[in-house]
Amino acid sequence: MSNYKVPTMAEMAASGESPEILFWVGCAGSFDDRYKAVTQAFVKILNKVGVSFAVLGPEETCTGDPARRAGNEFLFQMQAVANIQVMNGYNVKKVVTACPHCFNTIKNEYPALGGEYEVIHHSQFLQSLINEGKIVLKGGGDFKGKKITFHDSCYLGRANNVYEAPREVIKALDIELVEMKRCRTKGLCCGAGGAQMFKEPEEGKKDINIERTEEALKTGASAIAVGCPFCLTMMSDGVKNKEKENEVKVFDLAELIAKDQGLS
Amino acid sequence: MNILPQVVFILVFAAAGYLLYKRISFLKRNILLGKSETRNDQSSERWKTMALVAFGQQKMFKRVLPAFLHLLVYVGFIVINLEVAEFIIDGIFGQHRIFAPLLGGAYTFAMNFFELLAVGVMASCLVFLIRRNITKVPRLVMPELKGWPALDANLILVIEIILMAAILTMNATDQLLAERGTEHYIALGPLFFSGLIKPLFMNMGEGTLTFVERFAWWFHIIGILGFAIYVTYSKHLHIFLAFPNTWYSNLKPKGEIANMPEVTNEVNMMLGIPTEGGSEAPTEIARFGAKDINDLSWINVMNAYSCTECGRCTSECPANITGKKLSPRKIMMDVRDRAEEVGKSIDAGGKGLEDGKSLLGDYISKEEINACTSCNACVEACPVNIDPLSIILQMRRYVAMEESGSPAQWNAMFQNMETSFSPWKFPPSDRFNWAESVKDEEMK
Ligand code: SF4
Ligand code: SF4
Numbered sequence: 000m001s002n003y004k005v006p007t008m009a010e011m012a013a014s015g016e017s018p019e020i021l022f023w024v025g026c027a028g029s030f031d032d033r034y035k036a037v038t039q040a041f042v043k044i045l046n047k048v049g050v051s052f053a054v055l056g057p058e059e060t061c062t063g064d065p066a067r068r069a070g071n072e073f074l075f076q077m078q079a080v081a082n083i084q085v086m087n088g089y090n091v092k093k094v095v096t097a098c099p100h101c102f103n104t105i106k107n108e109y110p111a112l113g114g115e116y117e118v119i120h121h122s123q124f125l126q127s128l129i130n131e132g133k134i135v136l137k138g139g140g141d142f143k144g145k146k147i148t149f150h151d152s153c154y155l156g157r158a159n160n161v162y163e164a165p166r167e168v169i170k171a172l173d174i175e176l177v178e179m180k181r182c183r184t185k186g187l188c189c190g191a192g193g194a195q196m197f198k199e200p201e202e203g204k205k206d207i208n209i210e211r212t213e214e215a216l217k218t219g220a221s222a223i224a225v226g227c228p229f230c231l232t233m234m235s236d237g238v239k240n241k242e243k244e245n246e247v248k249v250f251d252l253a254e255l256i257a258k259d260q261g262l263s
Numbered sequence: 000m001n002i003l004p005q006v007v008f009i010l011v012f013a014a015a016g017y018l019l020y021k022r023i024s025f026l027k028r029n030i031l032l033g034k035s036e037t038r039n040d041q042s043s044e045r046w047k048t049m050a051l052v053a054f055g056q057q058k059m060f061k062r063v064l065p066a067f068l069h070l071l072v073y074v075g076f077i078v079i080n081l082e083v084a085e086f087i088i089d090g091i092f093g094q095h096r097i098f099a100p101l102l103g104g105a106y107t108f109a110m111n112f113f114e115l116l117a118v119g120v121m122a123s124c125l126v127f128l129i130r131r132n133i134t135k136v137p138r139l140v141m142p143e144l145k146g147w148p149a150l151d152a153n154l155i156l157v158i159e160i161i162l163m164a165a166i167l168t169m170n171a172t173d174q175l176l177a178e179r180g181t182e183h184y185i186a187l188g189p190l191f192f193s194g195l196i197k198p199l200f201m202n203m204g205e206g207t208l209t210f211v212e213r214f215a216w217w218f219h220i221i222g223i224l225g226f227a228i229y230v231t232y233s234k235h236l237h238i239f240l241a242f243p244n245t246w247y248s249n250l251k252p253k254g255e256i257a258n259m260p261e262v263t264n265e266v267n268m269m270l271g272i273p274t275e276g277g278s279e280a281p282t283e284i285a286r287f288g289a290k291d292i293n294d295l296s297w298i299n300v301m302n303a304y305s306c307t308e309c310g311r312c313t314s315e316c317p318a319n320i321t322g323k324k325l326s327p328r329k330i331m332m333d334v335r336d337r338a339e340e341v342g343k344s345i346d347a348g349g350k351g352l353e354d355g356k357s358l359l360g361d362y363i364s365k366e367e368i369n370a371c372t373s374c375n376a377c378v379e380a381c382p383v384n385i386d387p388l389s390i391i392l393q394m395r396r397y398v399a400m401e402e403s404g405s406p407a408q409w410n411a412m413f414q415n416m417e418t419s420f421s422p423w424k425f426p427p428s429d430r431f432n433w434a435e436s437v438k439d440e441e442m443k
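Protein chains in written order, with numbering that gives the first Met the number 0: chain Y, 0 to 263; chain R, 0 to 443.
Hints listed in this document are in silico derivations from the structure and should not be mistaken for laboratory results. Heads up, some of the hints might be wrong.
As the list claims (entries may be wrong) - To spell it out: a stretch of chain Y is covered by chain R in this simulated footprint if at least three of its residues, at any positions, have a beta carbon under 8 Å from a beta carbon of chain R; those stretches are:
(1) 36-50
(2) 241-251
As the list claims (entries may be wrong) - The following residues of chain R were derived to be distant from chain Y, with all beta-carbon distances above 12 Å:
(3) Q5
(4) L68
(5) F200
(6) A227
(7) Y232
(8) V266
(9) P317
(10) E340
Just so it is clear, the structure is predicted and the values come from calculations on it, not from any experiment. Glycine is no exception: its CB is placed at the ideal position from the N, C-alpha and C atoms.
Between the sequences and the hints, there should be enough to build the whole structure, so can you do that?
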């Protein structure tokens, strides 16, 4: 048996190949200790299914999402234009990413700066792999028959109307999906968007992630599924704050699939 | 024939028309204090949005009870105003119920329907008064509503109830007079709701009855004209502005923040990329982001004038829910208040925008705008497609780019991004380290 492969665009180009998709990893996917596991799980799935993909590796930089949302348009565009130059240089057509913020920015905001790609969130990509029979699920592994709740990320849901793909992935796992009171269009933010991830919240009665975690815990689910690195951090912190980390786990969709497939 | 009532009617009508014209010009000028923006692409999509959201009340139905009551008032408003057309013709030509002989039984049916709606409107307004003042629905009693906004809301409800009561009184007395064979008055078929209050007037003499009938008639028509003028001062302006406001909705994905092409030119120059316009000299950029209403788009200002202060945005805002100062409704109210202040100052020959005040700072604080997670819950919730987020983000741009006044942690984040191309301070060379362990693992 061979090892997992993580080809870069540069390597591919050097050997005259061009992959079908660019897997955009994002800053959290590259640096956040917890989220690196999600990146790895997703890469294993891509390997297993035999998708032709590559990453930018050291050539990738932040999409600029937090800079733009915090108001620093110059910095955003510096990042964006540089990224677009790199991607256009490799003639990228299709981008898959696990981060809704990268997804939104590349999909909706890069075109105005000259970057036009087909952009897909990993929940949509996983759903299509399941539908096409490329991933055959084995019944949910550890979570078989257990209750799980899904936390909508604002940048996937309200921002881009992706509500069903993550739910389809969860349902395919033979897991009982229970909805929180505020879900889909009415979903409550985890508190990290709009560059809030990078500063302390303003003064208030409570932090947003605590409010959201309380709501998730009320469903009685044994796991909270997310499709976003920021949501993963915020919900995990919330669960820890409520001292429930032994009973309730927070997972990304890619991890659920990887577990089912015995990849991690 | 005594033509005095006709002359008075025409004069009252003309005066109201003049006052309305003045108010509309004032509002239009205030809205156009905002920057110009062209947003008329996809016109068929725009008409559809307006039909569904404004005319069809689509987004109201996220909350069923208020939606139903609101629908009653809305339909009542539109349909009963058909009757006003008859009022106007009668008033000008000195007639009474000019359509009654023409329509016969259908007229009686229509009157019964109007009365049913009038009762529906009264009942709804009563429930709304109770929700505001007795059961105190949280979003209807928040701090930003203290004073005029709360009074405004209650006044509208009370005025509507009184106007509807006038219709019923008018019909009841009118029919009593017709039954007594008084000249001019036309007997219709039975009218159910006004029939119920007839006993109240039964014992009045013909003179008193005529006086009550005429009073109710004049009260109703003057009331409606007065209401039309009042609306231009009130949050109730949404009954008209909801239409253009939804037509000019943002049809792009909600997550997309508008590009700043003037920045693109500079960025391209800095990165040595030839710009599209070729050798064109970069245009002077007056201001980055928004500090005052003239930096916002006119659509932002129109949004503010269309706001009903219903607070659906605020009650969905995660920042507000968890007790932060931010309330998207207050943002909209502040924009309107500032536009009014500037407009009045200009009309009085004052300093207008140069009065030393500004939207950001004097009305809206940085603490408010900094708390926003850009989650779009407010945009999603608004029944008339108002976009408070757009205003918040434009003000953040002003703070970040003109003042360098962002929170310290954001400034640190900016610096990380400039130097290590990530919001966190990790060396860029470590970006690909995550792949090491995967590459070492044997594929399962
Ligand atoms: S986008 Fe901002 S203002 Fe609107 S609901 Fe979300 S946090 Fe509140
Ligand atoms: S912005 Fe919309 S949702 Fe918010 S108070 Fe105004 S009308 Fe209501």
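How the hints compare with the structure:
no. : hint    : result
1   : 36-50   : holds (count 6)
2   : 241-251 : violated (count 0)
3   : Q5      : 55 Å, holds
4   : L68     : 21 Å, holds
5   : F200    : 51 Å, holds
6   : A227    : 35 Å, holds
7   : Y232    : 33 Å, holds
8   : V266    : 4 Å, violated
9   : P317    : 4 Å, violated
10  : E340    : 25 Å, holds
Hint check: violations occur at hints 2, 8, 9; the rest are consistent with the structure.
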